[in-house]
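Protein chains in written order, with our numbering: chain S, 14 to 354; chain B, 14 to 354; chain P, 204 to 528; chain F, 204 to 528.
Don't take every hint at face value.
Unchecked claim - For the chain F half of the interface with chain B, some residues (derived, Cβ under 8 Å), not all of them:
id : residue
1  : GLY238
2  : ASN299
3  : GLY345
4  : GLU394
In case anyone wonders, no lab produced these hints; they're calculated from the structure. Quick caveat, the model's predicted, so the values are computed rather than measured. Even for Gly, the Cβ is constructed at its ideal location relative to N, Cα and C.
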Amino acid sequence: MDTKVKNKKDAVAKEDIGRDIRLELFRLQLELRLCEKRAYDLFLQNLIKGTSHLSLGQEAIAAAFGVAMRPDDWTFCTYRGHAHTLARGASMSGVLGELMGRECGLLGGKGGSMHLTDVAKGAMGSYAIIGAHLPVAAGAAWSAQYRGTEQVAVCFFGDGTTNIGAFHEALNFSVVWKLPVIFVCENNLYMEYTPISSVTAVEHPAADRAGAYNLEKIVVDGNDADAVYRTATKYMDRARKGGGPALIECMTYRHSGHSRADPAKYRPEGELEKWLERDPIKIYRERLLGLGIVEATLTDIENEVMQQVNEATETAKASAPPSLDGIHQHVWADGGAAWRN
Amino acid sequence: MDTKVKNKKDAVAKEDIGRDIRLELFRLQLELRLCEKRAYDLFLQNLIKGTSHLSLGQEAIAAAFGVAMRPDDWTFCTYRGHAHTLARGASMSGVLGELMGRECGLLGGKGGSMHLTDVAKGAMGSYAIIGAHLPVAAGAAWSAQYRGTEQVAVCFFGDGTTNIGAFHEALNFSVVWKLPVIFVCENNLYMEYTPISSVTAVEHPAADRAGAYNLEKIVVDGNDADAVYRTATKYMDRARKGGGPALIECMTYRHSGHSRADPAKYRPEGELEKWLERDPIKIYRERLLGLGIVEATLTDIENEVMQQVNEATETAKASAPPSLDGIHQHVWADGGAAWRN
Amino acid sequence: MAELTYRDAVAAGIAQEMARDERVVFLGEDVAHAGGVFKATVGLLDKFGPKRVRDCPISEQAILGAAMGAAMTGLRPIAEIMFSDFLAVCWDIVANEIAKSRYMTNGQVSVPLVIRTANGAGSRFGAQHSQSVENWAMMIPGIKVVAPAFPADVKGLIAAAVRDDDPVLIFEQKSLYSLKGEVPDGEHVDELGRARVLRQGKDCTIVALALMVHRALAAADILERDHGISCTVIDVRSLVPLDTVTILAEVARTGRLVTVEENPRLCGWGAEIASIIADECFWELDGPIIRITTPHIPLPSADALEDATIPSVERIVREIREKID
Amino acid sequence: MAELTYRDAVAAGIAQEMARDERVVFLGEDVAHAGGVFKATVGLLDKFGPKRVRDCPISEQAILGAAMGAAMTGLRPIAEIMFSDFLAVCWDIVANEIAKSRYMTNGQVSVPLVIRTANGAGSRFGAQHSQSVENWAMMIPGIKVVAPAFPADVKGLIAAAVRDDDPVLIFEQKSLYSLKGEVPDGEHVDELGRARVLRQGKDCTIVALALMVHRALAAADILERDHGISCTVIDVRSLVPLDTVTILAEVARTGRLVTVEENPRLCGWGAEIASIIADECFWELDGPIIRITTPHIPLPSADALEDATIPSVERIVREIREKID
Ligand SMILES: Cc1ncc(C[n+]2csc(CCOP(=O)(O)OP(=O)(O)O)c2C)c(N)n1
Ligand SMILES: Cc1ncc(C[n+]2csc(CCOP(=O)(O)OP(=O)(O)O)c2C)c(N)n1
Ligand SMILES: [Mg+2]
Ligand SMILES: [Mg+2]
């Protein structure tokens, strides 16, 4: 082995984040990216009928938390939750199948793109009404605290969400009860089509409010998976040990529109281009190469992930529409929908 | 006139707050105090049937704002709103009559103690569900701004109210729209029976959150009518001139329980006594004497107010129960209650 | 059998379940140290400690959201919303989250929680603290809804609700808190979804809920005694699930239906039951279906006015006399 | 007469009123620069400027609270709640504040505002973005409720709502936004509280709202053509005030009532109308009252499932054929 490479390998080893984790961060970001891109293709083919909200460009956050979390930790996310659900290990065919309204979908077609859930993997639901899942995540954290399990609840939401009442209630409640919950604001600069700066009293919609809950102000580069990973680890560890909640604002940008209906014409010229230069996956790939990981390793991962996405797509496409029986199932714990005897 | 008195009169004159205003602050605090005490007596006589939430001990805030506001400014307050309504000039018999459910009541018995309103005097309502009136006050401020009238909306609420979602929404909204609205938190240390410190992440439930809305942190001695008056004047002037909202936390204490049902046993021993020493009316009376206002002037005011309260009581007692016709009036603008043709 | 107030039956029901199951926790505003503004939960903090009985900030969305998250992850929370009117400030959590999660996730998520709340008029509290809003809840698919009229039912239905794997909203009627009644000793668990026939008559079936059950019973006595009209009185008890079997059977037998509701006129449970009968029991009906409700108005506060809005015994008697013969 | 989409009729109605009356202002999320997520308010910002057409933060309580405060003090705001499901996050402002203020203050306070919201299913958005919740609003005393089915009604009812001194909630049906129809040129102002008889038959009266009006009309055609059943179809248009005169007259004439609702089963406007008929029109009825509704479930998202839940033309035909003859 030539010494240059060896030195670089040592460089990787000496980093605080080890090689395996780095590769997993790379792989996972890629999975999220390719799966979202595939969702977009399927929408163009009219195979996805409802709405969908892609995380293209925001993958570093979901991936970093996904890698940092314990398998029994809980994720709560929004309609923009494909990435967060996949990042906990939900199957790609389950996700794509749900988007396509197929039987193999994670929710059997009942929930759709905005409600992806995989309880077995700790993905405790995607919530489509702004703000509601923040207190719900606090409640999960309460149950962990109550039972002493050292589980952590992680709750993802957007910049726009910081202006709704439930945000405020959940933050105060969690701090007063010292709950093991991490609130992660993905600040992508926009609510739907409206710049967050035009409707918010402070510059950092989450971080500048941390003080209102006696929390530390934390702003991270949300396009840098390592930075997010380090922050995630630090505050999740603290929460597990009884140190209470954290509010983390990750700066990022979505490459596509708000939802499939949105061409994102409201963006100022050049803004997207500037952010594309800071594409989290591009950055991360360069960093890994810089740290001496050989190109082939990355290419292998890329090919493998692409193959998985292809397979998942085929599985989902081959899956039947859900049986109409499902309509009357699972309103109640007894499996049915009867409201009368 | 002996020179000592003259000098003292000069002292009063030289103060930033003039003699007339000082006397009016005294008179008004007294009116609020005596009227509330009367309400308590009437309750003990079983002449007040529903609930009532007294402001005993908190009069300086309502009085100072009442004196500082322009007649066309708007007050929005809570179920603990007798004082705020009176402070805008609503008649005592209208207030006591409403508490007693009489025809002469401000609302003809339809609203009751928790909803006192006198639109003609700018008392735009008492709201009994925590938080709701903060955005409503913002809306009134919006209409003033829209029409360029330089009116200000003043919104009073308690410490406990700072933990509900509507607080957060209203604050952010008002700052973003730069509305002429003053949010006044009367921090009396308790929500109903629970100490605010036990359910709030920060020490000052309002002021420590001002930064979350890019507002200045303001804490005032709410038992000092002059201090409140100065602060009120300063920020209302600013708001009138387009300077946007303010959030003012006034420290105070209620001498009685939360509502008529509450003996307030949850208070630590000695707490009430400590605050009684800082009774706003006691303090203010001493200050006026210290400034050279002669005892007789104050006694005259005291007698006059007491007489007014007595008269109002008699008027209210003499008033009939409301006509049952009222039940079906004023659901709609046409004066009626018909939901069908 | 011990005699308990409706109020004390609340604490008794919660205590029974907390003692039985460590997963049961209780939260709300002023519920722990103060024992609730209606004093319905006095003693629970002392018995079960501050880890399980918790005071909350004025944050109804956080309270119900936290209850939901805890329920999803293994606890069985009981949450109090002080007045049922305040459900409006956390309606999203109730109607869009708690009620729908199981269905949306195709059964993955379970939300076994109980929401207790004080419902109804009679205290001269005015329009924002006196509403009967059980119909708000009945409208929403995915949440069970009960409203006890007797102390024994309070205890038994709370127990049944805690043990149920679905979310249950319990409406406690404020005006009944001081009502006394026999409550079975020892463990007492009722069943959700069962109406109860309190008396049987032959001319007419009166269906009522909560306070109105008592007024319907009093009216039935008068109707029988003074006017020779013999009425069945059914206490619905549970709006969801709804015991249509019992109601249909009695209406078929008596040929007439009268519903007595405390809620305002439009779209209440009375309309729902009336429309079920008008469909499924049409041919057995001997005359129009009568709904007696509060007028469709916000509630006035003064005692004279409030008393004239809520259906009274006299009004029930009068309407039935005039319309049924 | 110009042909407009239902969507464009929204902007046309708002523009007509804003041009007429300086006090009319419009606010909501993404409504100004983006013209609304359903593109129903495109062009208003350009026409009326940022002082009158305003984008808001995601703060529904602030939006409706601000609209209320402005209405109380002289403006006539139109506020958009993007999806009707989101009314749950600001329900307190609607149900406890806006609806009750005039009554509680014995007429002192006036709240002349309009809330517009996108209602209903058909877009595969799932349980939190597809509900029909007009029954939530109908239940609450003090708020008027309309739900137009045609572009002309959209424009005319928006205008009537803006001019009304009471708060009005307008439910725009998402599935109808692209429907085209004739809209009168020039000023067009409709009337609140009027149902419309769209066709008259002799066997049965179908009462429907919004999307269901179109399905009822299609079903009536099939029933007439293929099965010899002749139906009246009434577009309710306005739930509060409710035009019971028109409905009672038609039901009395045809002897049968069928309601067709998109909302879930329990406590909808169909139940209310059914119970009114079962009381006031009982002796004219020739058979059971039929309610056709979405099942009492949260809405599923997949296209196949969603299509099978909302009442279809086929289902309306089938139920009427089976039950009316
Ligand atoms: C209570 C509520 N109001 C409005 C919406 C509509 N809505 C969906 S996403 C969205 C923007 C959210 O912005 P942000 O929180 O920044 O998240 P992002 O979409 O950027 O990830 C809005 C307004 C909603 N779903 N719920
Ligand atoms: C949404 C809502 N939750 C709870 C209540 C019951 N409640 C009435 S007053 C009160 C305490 C309010 O405390 P604070 O804001 O400090 O005002 P104070 O009474 O001390 O003036 C509570 C919890 C309510 N009216 N509305
Ligand atoms: Mg965003
Ligand atoms: Mg307080």
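The hints, checked one at a time:
1. GLY238: 20 Å, violated
2. ASN299: 5 Å, holds
3. GLY345: 6 Å, holds
4. GLU394: 11 Å, violated
In summary, the numbered hints that this structure violates are 1 and 4.
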